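**Student:** Listed below, chain by chain, are the residues.
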Amino acid sequence: MPIFANIAYDTAHLLDTFVLVLSFALLYQRRLFAVLTIYAWQALCLAAAAAWQAYAQDAPHLYITAAIALVFKAIVIPLALHRIIVYLNIHRSIETALGIGPTMAVGVGLVALSILLVLPVTAAAGALTRESLAAALSVVLLGLLMMITRRNAVSQVVGFMSLENGLILAAVGVKGMPLVVELSIAFSVMVAFIIFGIFFFHIRERFDTLDIHDMERFRGEER
Amino acid sequence: MRPALLELLQFSLLVALAPLLTGLVRKLKARLNGRIGPGLLQPYRDLLRLLRKEVVLAPNASWLFRASPYLIFAAIWLAAAIVPTFATGLALSRTADLIALVALLGTARFALALAGMDVGTSFGGIGSSREMMIASLAEPAMLMVIFTVALLVRSTSLPHIAEYLLMHDVGIRISLLLGLLALLIVAIAENARIPVDNPATHLELTMVHEAMVLEYSGRHLALIEGAAMVKLQLYVSLVAAVFFPWGLARDFGDASAVAIGVGLYVLKLAFAGAVFALFETSIAKMRVFRLAELLGGALLLGLLAAIFLYVSQEL
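Chains as they are written, first to last, in numbering that gives the first Met the number 0: chain A, 0 to 222; chain L, 0 to 314.
Hints are computed from structural coordinates only; laboratory data are not their basis. Remember, it's a predicted structure, so these values are computed and weren't measured experimentally. It is possible that some hints are incorrect.
Partial selection, computed: residues in chain L whose CB lies under 7 Å from chain A [said to hold, decoys possible]:
{"no.": "1", "residue": "Leu176"}
{"no.": "2", "residue": "Leu299"}
{"no.": "3", "residue": "Leu302"}
{"no.": "4", "residue": "Leu303"}
{"no.": "5", "residue": "Ile306"}
{"no.": "6", "residue": "Val310"}
Glycine included, each C-beta is placed from N, C-alpha and C at the ideal position.
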């Protein structure tokens with residue numbers, strides 16, 4: 000069937016799209032546990048994308064990237080965050096600094112921005128590389144947006160993690176990315192996660208909440 | 000002679016299978032809920048019973064109220080006939096394109112909303128206003144998807160789109176996937192399915208479609224319910240024709256191609272019914288005021304699809 004003529008690129012794009020759409024789902028979601036589930040799905044799609052690139056580019060070290068994404072990001076981190084939420088008894092609905100609708104609109108603006116950025120840079124590359132890079136950059140920017148628009152520290156961390164998913168997505172799409180770089184990204188994220196975890200407990204201890212808004216008072220930013 | 004016969008087959012297939020699709024969704028939903036549920040043919044029986052019953056009209060009902068069911072059914076039936084279900088070369092689907100389809104659906108919705116307000120009950124008014132709110136959000140999303148597909152294929156004619164996607168190596172494009180998602184959300188909203196509206200409820204403050212048709216009875220109600228069933232099938236056919244056009248017959252001289260087309264079409268309908276049932280049992284109805292976010296999301300997905308189309312074009 001002609002529709003499956005270019006299966007290598009098609010599958011890569013399918014997975015890229017899933018990661019991007021799940022980024023939007025993260026922005027759309029209001030409940031904390033659902034955010035974690037969507038994040039886990041995004042990491043799963045990322046792992047699948049990395050594994051597929053490993054197979055398509057014949058680059059076995061990408062399998063390690065896929066395994067890291069699968070084990071840590073799709074399983075360990077969501078479970079750990081889940082336990083933290085239960086343990087700290089955090090309020091489970093998310094307060095957003097901006098409404099969901101405007102946030103999504105800004106998100107689409109960011110996607111357009113990332114496309115505008117990618118277009119001149121990759122003028123020489125094929126259409127398919129361009130789509131991949133645009134999707135990855137969009138995921139990074141949407142992660143940033145999520146960190147900005149959410150008041151709850153846990154969802155800000157999820158935003159940070161999904162930003163990092165975008166970085167990995169860009170890395171696996173490019174041929175010849177050394178393993179060292181990917182490993183160092185993965186471990187820096189792990190370290191960041193641990194530090195965030197400790198922060199959660201300290202913030203909670205001091206302020207009795209994980210709502211960042213309440214901390215502004217202590218910094219003299221009260222309005 | 001032969002094209003006319005096939006055209007007739009297309010029209011009759013739509014009306015003949017639509018209640019079956021609805022029956023299938025209801026049956027599967029009942030089974031998933033742990034109930035046995037009515038048989039697959041129950042919607043046919045319901046429609047027949049309604050057709051035999053007398054019409055009860057409110058004293059202040061105008062001609063609009065009486066004419067609307069016929070107009071709605073005709074518009075939706077015609078719109079459904081535009082979509083290529085089993086073959087691409089039918090004369091009617093060549094003459095009208097996707098924009099005409101949206102216009103026909105819009106006409107039907109307009110008539111329904113007017114009829115909902117005609118008698119002057121509060122429920123009808125609520126239903127109509129909500130329907131219009133949903134429509135004002137869903138229609139741009141649908142048009143966005145249409146523009147995306149039309150830009151990709153360079154045509155708004157449905158059979159041409161289906162043929163192009165069948166013959167050319169388009170591949171799995173980001174735009175097409177985003178468009179599919181957007182169209183699915185629109186389909187759910189337009190058919191008053193679960194996260195947006197509950198098709199099984201008749202007395203609830205959150206209902207939309209049922210609130211508008213609350214005053215209808217007898218053959219009028221049969222026509223409106225039939226139109227709703229055909230509309231569900233229309234959206235399934237639309238998604239199937241644009242995104243899964245496999246098996247559409249292109250050669251009319253070949254009877255086996257037509258048979259394969261019809262067979263695959265029925266399979267696609269059954270699959271869509273199963274997906275609908277599974278989706279609706281796993282999700283709860285949304286608050287009405289959240290709908291703007293859902294449908295806004297569909298619009299944004301459609302917009303993204305159009306944006307990505309420009310990236311993917313060779314410079």
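**Student:** Which earlier hints can't be squared with this structure?
**Tutor:** none
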